[in-house]
Amino acid sequence: MKSIADIKAIRDKMQSEIILRDNSDSEAETRVVVGMATCGISAGARPVYNTLLDEVATRGLKNVKVTRSGCLGMCKLEPIVEVFVPGQEKVTYVEVNPEKAKQIIASHVVNGNVCQDYLIKE
Amino acid sequence: MRELALNILDIVENSVKAEAKNVLISVVAEDNLLTIVIKDDGKGMDEEFLKNVTDPFTTTRTTRKVGMGIPLFKMAAEMAGGEFSITSTKGVGTTVTATFVLDHIDRVPLGDLAETMVTLLNDDFPTDYLLKVSVDGNEYEFDTKELREQLDGVPVNEPEILLFVKDMINENITHIGGAKI
Ligand SMILES: Nc1ncnc2c1ncn2[C@@H]1O[C@H](COP(=O)(O)OP(=O)(O)O)[C@@H](O)[C@H]1O
Ligand SMILES: [Mg+2]
Chain A
1 MKSIADIKAI RDKMQSEIIL RDNSDSEAET RVVVGMATCG ISAGARPVYN
51 TLLDEVATRG LKNVKVTRSG CLGMCKLEPI VEVFVPGQEK VTYVEVNPEK
101 AKQIIASHVV NGNVCQDYLI KE
Chain B
1 MRELALNILD IVENSVKAEA KNVLISVVAE DNLLTIVIKD DGKGMDEEFL
51 KNVTDPFTTT RTTRKVGMGI PLFKMAAEMA GGEFSITSTK GVGTTVTATF
101 VLDHIDRVPL GDLAETMVTL LNDDFPTDYL LKVSVDGNEY EFDTKELREQ
151 LDGVPVNEPE ILLFVKDMIN ENITHIGGAK I
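Residue numbers (my numbering), protein chains in the order written: chain A, 1 to 122; chain B, 1 to 181.
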């Protein structure tokens, strides 16, 4: 059974990685923000958030932070994911599901190609 | 909502917004009754506001006129033969309590508490959580203060750490029989 004490091994590894990251003049971090108000949660924002975390962890992406915010103001289009790449305009994805979340990490966050199909339709 | 763990996430988000430093999430299953308590030390509500808070048109939000989080949780409890209550003291905190008849046909499953906890754990929000799960007297506790202590300055947001925490909570809840609730 895992316990909090087992976190030590991961922590030690992280501590050295974080020192490396701080020392390299790495570019600012990309932020991936999921709307997590009632509307988002009931539309499936939690599995989307967790899929994003899984993808960032398994790909070992270092300058990417997954976080959450309140209502993003378009309840009908939830789950909503906003991607902030430093130096670029914010990109808003709507009606995101875990499959789309994986794609957003793979093409936008990793390769810099915005997923046009998941943007708000005019 | 499809899982009570989603209602819990939503109700705890209220506590985070109310600038709570500590939130207790207690889930107790015993004698065919499930009791969920969410207790925070956030800014609380005054009596007048509290009276209306279970009504879907009460909210302090600006983006939307209706607050649905509390009414949805209340509905889930009442639908399953249980009861709902909310108490609050301005400047002290708020406690939300919901009970559910475990074998009621309309009782929503507890769902993935581990995912809910991992979604809440975020250094952008300095709230600490104490999760207590008890199933027929078998208990599991997860304390984020203890986690932060062990992490010794490493941000809790690191995805690798969150994945570990998710597995840990899942394993422990399954071990005490919580997966079948
Ligand atoms: N734990 C809490 N502490 C302080 N105020 C709260 C708390 N929970 C709810 N509230 C107040 O009640 C309102 C309604 O909550 P809710 O039903 O979840 O809808 P919403 O969060 O969308 O406004 C909130 O906007 C907030 O003003
Ligand atoms: Mg709410």
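It is worth saying that the hints were derived from the structure and are not from the lab. Only a predicted model underlies this, so the values are computations on that prediction, with no experimental measurement involved. The beta-carbon is built from N, C-alpha and C at its ideal position, and this holds for glycine as well. Be aware that a few hints might be false.
To be verified - Chain B stretches covered by chain A per the calculated footprint, using a threshold of three residues with CB under 8 Å from any CB of chain A:
no. : stretch
1   : 5 to 15
2   : 144 to 151
3   : 170 to 181
As the list claims (entries may be wrong) - In silico SDA-like links for lysine to any residue, alpha-carbon gap of 25 Å or less:
no. : chain 1 : residue 1 : chain 2 : residue 2
4   : A       : LYS8      : A       : LYS62
5   : A       : LYS65     : B       : PHE49
6   : B       : LYS145    : A       : ASP6
7   : B       : LYS21     : B       : ASP103
8   : B       : LYS145    : A       : LYS102
9   : B       : LYS51     : B       : MET79
10  : A       : LYS102    : A       : VAL64
11  : B       : LYS17     : A       : CYS71
12  : B       : LYS39     : B       : MET68
13  : B       : LYS39     : B       : PHE49
14  : A       : LYS65     : B       : ALA18
15  : A       : LYS76     : B       : MET68
16  : A       : LYS62     : B       : ALA18
17  : A       : LYS2      : B       : THR95
18  : A       : LYS65     : B       : THR54
19  : A       : LYS13     : B       : THR174
20  : A       : LYS2      : B       : ASP152
21  : A       : LYS8      : B       : THR127
22  : A       : LYS100    : B       : PHE84
23  : B       : LYS43     : B       : ASP103
Stated by the list, open to error - If we take Cβ atoms under 7 Å as the criterion, some of the chain A residues that face chain B in the derived model are:
no. : residue
24  : MET1
25  : ILE4
26  : ARG11
27  : ILE41
28  : VAL56
29  : GLN116
30  : LEU119
So, going through the hints one by one against the coordinates:
Here the stretch 5 to 15 of chain B counts 4 residues with a CB under 8 Å from a CB of chain A, which clears the bar of 3, and the coverage holds. For the stretch 144 to 151 of chain B, the proposed coverage by chain A is satisfied: 4 residues have a C-beta within less than 8 Å of a C-beta in that chain, meeting the threshold of three. Note: the stretch 170 to 181 of chain B has 3 residues with beta-carbon separation from chain A under 8 Å; the three-residue rule is met and the coverage holds. Of the pairs offered as hints, the one joining LYS8(A) and LYS62(A) holds, with about 20 Å between alpha carbons and a cut-off of 25 Å not exceeded.
This hinted pair does not check out: LYS65(A) and PHE49(B) have alpha carbons roughly 36 Å apart, beyond 25 Å. Distance restraint check for LYS145(B) and ASP6(A): the Cα-Cα separation of roughly 15 Å lies within the 25 Å cut-off, and the hinted pair is therefore satisfied. Annotation: proposed proximity of LYS21(B) to ASP103(B) is violated, straight-line Cα distance about 35 Å (limit 25 Å). For the given pair, LYS145(B) sits about 31 Å from LYS102(A) by alpha-carbon distance, which is inconsistent with the 25 Å threshold.
For the given pair, LYS51(B) sits about 21 Å from MET79(B) by alpha-carbon distance, which is consistent with the 25 Å threshold. Proximity of LYS102(A) to VAL64(A) is assessed by CA-CA distance (about 14 Å); at most 25 Å being required, the pair is judged to hold. Straight-line distance between C-alpha atoms of LYS17(B) and CYS71(A) comes to about 12 Å, which keeps the hinted pair within the 25 Å bound. Restraint check for LYS39(B) and MET68(B): the C-alpha separation of about 19 Å stays at or below 25 Å, so the hint holds.
About 18 Å separates the Cα atoms of LYS39(B) and PHE49(B), which keeps this hinted pair within 25 Å; it holds. For a cut-off of 25 Å, the pair hint linking LYS65(A) to ALA18(B) stands: about 24 Å separates their Cα positions. At roughly 14 Å between alpha-carbon atoms, LYS76(A) and MET68(B) fall within 25 Å of each other, so this suggested pair holds. Our distance criterion of 25 Å between C-alpha atoms is broken by LYS62(A) and ALA18(B), whose separation comes to about 31 Å.
The suggested pairing of LYS2(A) with THR95(B) is violated, with an alpha-carbon distance near 30 Å, which exceeds 25 Å. Note on LYS65(A) and THR54(B): the hinted pairing is violated, with a Cα-Cα distance of about 35 Å set against a maximum of 25 Å. The suggested pairing of LYS13(A) with THR174(B) is violated, with an alpha-carbon distance near 28 Å, which exceeds 25 Å. Distance check on the hinted pair: LYS2(A) and ASP152(B) sit about 19 Å apart at the alpha-carbon level, within 25 Å; holds.
For a cut-off of 25 Å, the pair hint linking LYS8(A) to THR127(B) stands: about 22 Å separates their Cα positions. Annotation: proposed proximity of LYS100(A) to PHE84(B) is violated, straight-line Cα distance about 37 Å (limit 25 Å). Note on LYS43(B) and ASP103(B): the hinted pairing is violated, with a Cα-Cα distance of about 36 Å set against a maximum of 25 Å. For MET1(A), the shortest C-beta to C-beta distance to chain B is roughly 6 Å, which falls under 7 Å, so the interface hint holds.
About 5 Å separates the beta-carbon of ILE4(A) from the nearest beta-carbon of chain B, less than 7 Å, and the hint is met. Interface hint status for ARG11(A): upheld, as the beta-carbon distance to the closest one in chain B is roughly 5 Å, under 7 Å. Interface restraint check for ILE41(A): the shortest CB-CB distance to chain B comes to about 5 Å, inside 7 Å, so the restraint holds. The beta carbon of VAL56(A) comes within 5 Å of a beta carbon in chain B, closer than 7 Å, and the hint placing it at the interface holds.
Look at GLN116(A): its Cβ only gets to about 26 Å from chain B, farther than 7 Å, so that hint breaks. Hint on LEU119(A) is violated. Least Cβ distance to chain B is approximately 21 Å, over the 7 Å limit.
When the structure is compared with the earlier hints, violations turn up for hints 5, 7, 8, 16, 17, 18, 19, 22, 23, 29, 30 and for no others.
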